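Q: So the sequence lines, in the order shown, correspond to chains A and B.
Its first residue numbered 1, the first sequence is counted upward by one per residue in the numbering used here.
Its first residue numbered 1, the second sequence is counted upward by one per residue in the numbering used here.
Rather than coming from a laboratory, the hints here were simulated on the basis of the structure.
Model, not experiment: these values are computed from the prediction.
Cβ atoms here follow ideal geometry from the backbone N, Cα and C, with glycine treated the same way.
Take these hints with a grain of salt, some might be off.
[To be verified] If you only want the chain B side, here are some residues facing chain A, beta carbon under 7 Å, derived:
no.	residue
1	P184
2	H187
3	R358
4	V359
5	R362
[What the hints assert, rightly or not] What follows is a set of in silico ranges between Cβ atoms, one per label pair, in the way DEER data are often shown:
no.	chain 1	residue 1	chain 2	residue 2	range
6	B	R43	A	S177	41 to 47 Å
7	A	D159	B	R43	41 to 47 Å
8	A	G45	B	F220	46 to 52 Å
9	B	L111	A	R123	48 to 54 Å
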Amino acid sequence: MRYELRLAGSGGQGLVLAGIVLAEAALLDGHVVVHSQNYGPEARGGNSVSEVIISGEEIDYPRATGLDMLVALNQRACNDNLPDMKEDGLVIVDSSAVKKVLWGRVLRLPLQRQADHAFKDSRVVNMLALGVLTAFCPLIQAESMGQALTSRMPAGSLDHNLEAFRTGLSMGHDLASRTHFHEVEDATDV
Amino acid sequence: MKSNRVLLQGSEACVRAAIAAGCRFYAGYPITPATEIMELMSRAMPKAGGVFIQMEDEIASLGAAVGASLGGVKAMTATSGPGFSLMQEHISFAAMAEVPCVIVNVMRGGLSTGLPTRPAQGDVMQARWGAHGDHPILVVAPSSTYEFFDLTVKAFNLAERYRSPVIVLADEVVAHTRESVVLPSAHEVEVEDRVRPSVPPEWYSPYRDPGTGIPPMAAFGEGYRFHVTGLMHDINGYPTERQDETEELMARLFNKISKDFHLLQWYDSYFEEGAEVTVIAYGSVARSALRAVRTAREKGMPVGLLKLKMLWPFMRRTVSQYLQSSRSVIVAEMNMGQLSREVKRVNQGTCPIHTLNRVDGRMITPEQILTAIEEELR
């Protein structure tokens, strides 16, 4: 068993941290895990990618070979990473930033809008994404994510981030209960 | 059940290893992708009762580490390619003056400022030959978080044992990847310390060969008065141009390490049994190679992997054996071909050697290696 997830967006969106939290949660759930990060030389902006591989055994090659799940927060991140998907992989995108997804199993959620309007804090978009992802990832327990967040986030902003995570989680659960996927061949425009 | 598995970045493992090995001095200058080591050291050193200094550049960083080591403290610095170039001058000094120190070079992509956030293995030859003048050097190369810990501890031990600079040649993937890992506890770590003089100060000659090739080392400030120089020196550390003394010093500098070549064959071998093709790799590439070789074995192909954990001195004895037992060898590395030259040098024409190189800042993938293996077996 090898389960691969990738979070992709731009530098400064907190995706490396989100990946670390995810990896920590997988560890708490007893899995073998590898996290890697990939970003450009810029201090802010540029592409940023955070990748987590979850396995039951030793992980030799530490990079993704076929993504089970991709979270893309902008159009470029989505386009660049789609070729790395497994055939039945799930793509989760921010609906305001990603307009076009040439993939069948895709979920669109207003993550950035939720962060900006409900939380008045654009920075929690990574926590919302983590919440949604947790609802769809069969290997990660929500409780472990809470625990991982508690250990990896600074105490001062923990409550704020936990709240965003829980909001994402319920957005995800809500969507999971009423989602039927199109065929993989379908090119979907929004 | 509470597990002692932790999620650790390679850089974090390196810092923990340094502390466990007894490092109590860090001087450095930040550079991607080695900055994490410096950041973590800035917190870890004061907690461990050590000293942390951010220097004005990499030349001064290694200078400070060498000074600290002469003061009797285990010292380290970390950098990446551009900073490593600046350190060469003091690597030569440390080799000449026989000052133990550990230099971590987290290799990044490209020449010059290149691809700072991406991996490469372009400093293999620089680690061996970058410093001026004939000098012996010890270089280890980790491929995982666990090995970054293990080999950093061993690097300190080698530095202390041989009174030599030791280079830990990691790459961006190894330094930045986080993995679930179980590290040995502090009391499980074997630590070696430099031999101190047992004679009174007035009898002490800092560079007199006690028979092992490695003179006992006094710390400045402990009452032993001695001279340290980068010039050719006699057994008392004072400059000399006498033929017998310079020859003796050069011979001793090399022999103290070459006499132990048989102890410095550090490698892991996978699927050795009946392997007709052997893949040779080191650092993060060895992980792609292991994936490729596993897949190849599942398909029934007779392939093995030789993962080198020590790059310099080059493991002639070990590599020769694989060159003799294999029908062909593939050397995979993230450069235009550096260690492959050494493999070719010790080969003496008996075994076809194929190189697999990648220099675009991406890891060599298992598929690339598998394709090369299939080509060999066709």
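Q: Hint by hint, note whether the structure agrees.
A: Verification of the hints:
no.: 1; hint: P184; verdict: violated (18 Å)
no.: 2; hint: H187; verdict: violated (24 Å)
no.: 3; hint: R358; verdict: violated (13 Å)
no.: 4; hint: V359; verdict: violated (17 Å)
no.: 5; hint: R362; verdict: violated (9 Å)
no.: 6; hint: B/R43 - A/S177: 41 to 47 Å; verdict: holds (45 Å)
no.: 7; hint: A/D159 - B/R43: 41 to 47 Å; verdict: violated (25 Å)
no.: 8; hint: A/G45 - B/F220: 46 to 52 Å; verdict: holds (49 Å)
no.: 9; hint: B/L111 - A/R123: 48 to 54 Å; verdict: violated (37 Å)
Violated hints, listed in ascending order, are 1, 2, 3, 4, 5, 7, 9; each of the other numbered hints is respected by the structure.
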